[in-house]
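*Asks:* This is what each chain is made of:
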Amino acid sequence: MVARLRSGMTIGIGGWGSRRKPMSLVRAILRSDLRDLIVVSYGGPDVGLLCAAGKIRKLVFGFVSLDSIPLEPHFQAARQAAAIEVTEYDEGMLQWALYAAACRLPFLPARAGLGSDVLTVNPQLRTVRSPYDDAAELVAVPALPLDAALVHLNRADASGNAQFLGDDLYFDDLFCTAAEQAYVSCERIVPTSELEAGGLTRMRVHRWMVAGVVEAPNGAHFTSCAPDYDRDEAFQRRYAAAAKDPEQWARFAATYLGGDEAAYQSAVAALGAGAGA
Amino acid sequence: MTGVQETPAQEAAGDQRVGAPVTTAEVCVVACAEAWRGDGEIAASPMGLIPTVGARLARATFEPDLLLSDGEARFVTGTWALGQPPPGPAEGWIPFRSIFDLAWHGSRHVMMGPAQIDRYGNANISAIGDYARPTRQLVGVRGAPGNTVNHRTSYWVPRHLPRVFVRRVDMVSGVGYDSARAAGNEAGEFLDLRRVVTNLAVLDFGGPDHSMRLVSVHPGVTVGDVVANTGFELAIDGDVPQTRLPTAAELTLIRDVIDPAGLRNGEVRG
Chain A
1 MVARLRSGMT
11 IGIGGWGSRR
21 KPMSLVRAIL
31 RSDLRDLIVV
41 SYGGPDVGLL
51 CAAGKIRKLV
61 FGFVSLDSIP
71 LEPHFQAARQ
81 AAAIEVTEYD
91 EGMLQWALYA
101 AACRLPFLPA
111 RAGLGSDVLT
121 VNPQLRTVRS
131 PYDDAAELVA
141 VPALPLDAAL
151 VHLNRADASG
161 NAQFLGDDLY
171 FDDLFCTAAE
181 QAYVSCERIV
191 PTSELEAGGL
201 TRMRVHRWMV
211 AGVVEAPNGA
221 HFTSCAPDYD
231 RDEAFQRRYA
241 AAAKDPEQWA
251 RFAATYLGGD
261 EAAYQSAVAA
271 LGAGAGA
Chain B
1 MTGVQETPAQ
11 EAAGDQRVGA
21 PVTTAEVCVV
31 ACAEAWRGDG
41 EIAASPMGLI
51 PTVGARLARA
61 TFEPDLLLSD
71 GEARFVTGTW
81 ALGQPPPGPA
91 EGWIPFRSIF
101 DLAWHGSRHV
111 MMGPAQIDRY
121 GNANISAIGD
131 YARPTRQLVG
141 VRGAPGNTVN
151 HRTSYWVPRH
161 LPRVFVRRVD
171 MVSGVGYDSA
181 RAAGNEAGEF
191 LDLRRVVTNL
201 AVLDFGGPDH
211 SMRLVSVHPG
221 VTVGDVVANT
231 GFELAIDGDV
241 PQTRLPTAAE
251 LTLIRDVIDP
261 AGLRNGEVRG
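Chains as they are written, first to last, in the working numbering: chain A, 1 to 277; chain B, 1 to 270.
Hints are computed from structural coordinates only; laboratory data are not their basis. Hints are supplied without guarantee of correctness; some may be wrong.
Claimed, not checked - Label pairs and their calculated CB-CB ranges:
(1) Gly-83(B) x Ser-266(A): 32 to 38 Å
(2) Pro-106(A) x Arg-269(B): 51 to 57 Å
(3) Gly-40(B) x Tyr-132(A): 28 to 34 Å
(4) Gly-212(A) x Asp-209(B): 53 to 59 Å
(5) His-105(B) x Thr-201(A): 19 to 25 Å
(6) Glu-180(A) x Gly-262(B): 49 to 55 Å
(7) Ala-250(A) x Gly-231(B): 39 to 45 Å
(8) Asp-36(A) x Gly-266(B): 41 to 47 Å
(9) Ala-250(A) x Thr-135(B): 22 to 28 Å
(10) Ile-69(A) x Ser-98(B): 24 to 30 Å
(11) Arg-181(B) x Pro-145(A): 34 to 40 Å
(12) Arg-129(A) x Thr-61(B): 41 to 47 Å
(13) Ala-241(A) x Pro-89(B): 38 to 44 Å
(14) Gly-220(B) x Ala-263(A): 54 to 60 Å
As the list claims (entries may be wrong) - From chain A, some residues computed to sit far from chain B (all C-beta separations above 12 Å):
(15) Asp-36
(16) Glu-180
(17) Arg-188
(18) Met-203
(19) Ala-211
(20) Ala-250
(21) Arg-251
Predicted, not measured: the structure shown is a model, and the values here were computed from it. Where is the CB? At the ideal position from N, CA and C, for every residue including glycine.
Can you make the complete structure from the sequences, with help from the hints?
*Replies:* Below, the structure written as structure tokens:
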């Protein structure tokens, strides 16, 4: 799946903060020779790991957070070293940018952003005047088409129809519809006939949106993938602590990121068994 | 902070627990709760521990129509303890997309925690220092630009210091009155900065040109303390009253129902 990506692409990553991130696909990018990526994300450890590996040229974001740990250390380090370019939007502007791309519109108007330094630090942004009697001047949030989107859902069928089983879809459908090609990883691939039992209204990602699907059990680890599993808080703490120190990070990376996904999952499992966690 | 005072409320309630001295954190909880007074049937969105206790207290007492989230994707009923699941039934499903809709509709009053805030209410949660290479990268602007231009906004500052109350914030995330004025009508149409609650005082934007004004000081705090810890000139109208103390009923709710573990006293000591 990641073999279909190219350096320099604009790649949207679904989920939210440290929740239901397509981490197995992110780890695959870490192992690839992809570089100079423009990453679009409601950011969490996906952004942190890609920053640490030097994969990101530019980040389009509204925030980057580990949720239970407010700040993402690798993202902080990258910004404080001016190692990445950024386009920082209000969270709702980012939704609008994806939705405009999904609807094949050049922009969508928004009040969000007016009066803030989002307009100052993004001089490419323009305002637009309403053609109606109000003549309101609003931000013209430009469409943000993606070359590729990566999302992780709870269930999918082999055709790419996918389903979230937790409380929030986040913006995964928008990432998919804003993208030229969307890739879904999921906890379990099931027969189409089993999807509706999980709830028709949860079947929000459809095969017409999706270019590829892969089964990746525990693929969102260490982010949450409710109700299949919660965030691995102990592992996230380990990750965040390691990220603050180059030597510790080298050890962490060698232990968990040196091999393939199966090696990652066994290292995580061994840790759980050893620590009794 | 020192100077905890006896309150009539304590005397009214004869029980030992409620009779314990009122802490600064409890004064702050009530000052935060007061931010939502009169809001009616809108969503209260507290960020941070003491604002969360305050919002639950407001709904449990004088503002019963507020909507409160469980911090995930539900509007929930009832009054419940920090760290515990709400006991009441959910009354609505609010995935993040619905939160954005709610915010842009205006039916929300958020209380955010800024790293910097200035005289006209510009607030920074994004980055400290030069934006191109920050000395300290924070979380990002999040929804602050959209929140502030769309609905009521208050702020909570657990440590009132000159490095937080700055002359001009480094990155305007939450929009202040001067920025909105410069940006034009659509930025200011719904801008409504209500209050700033800190460990020292309550402030609002009732000064000249919507500048920050000292409303009240907490027990044991002087006007001079607040001025010395604020990096710009505050509007001060005559004698500044003391922030009101919790009632006996409020103390019982705070201590026995909403924060029985006393986590509030870890966020603000004294």
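*Asks:* Looking back at the hints listed earlier, which ones does the structure fail to meet?
*Replies:* Those not satisfied: there are none.
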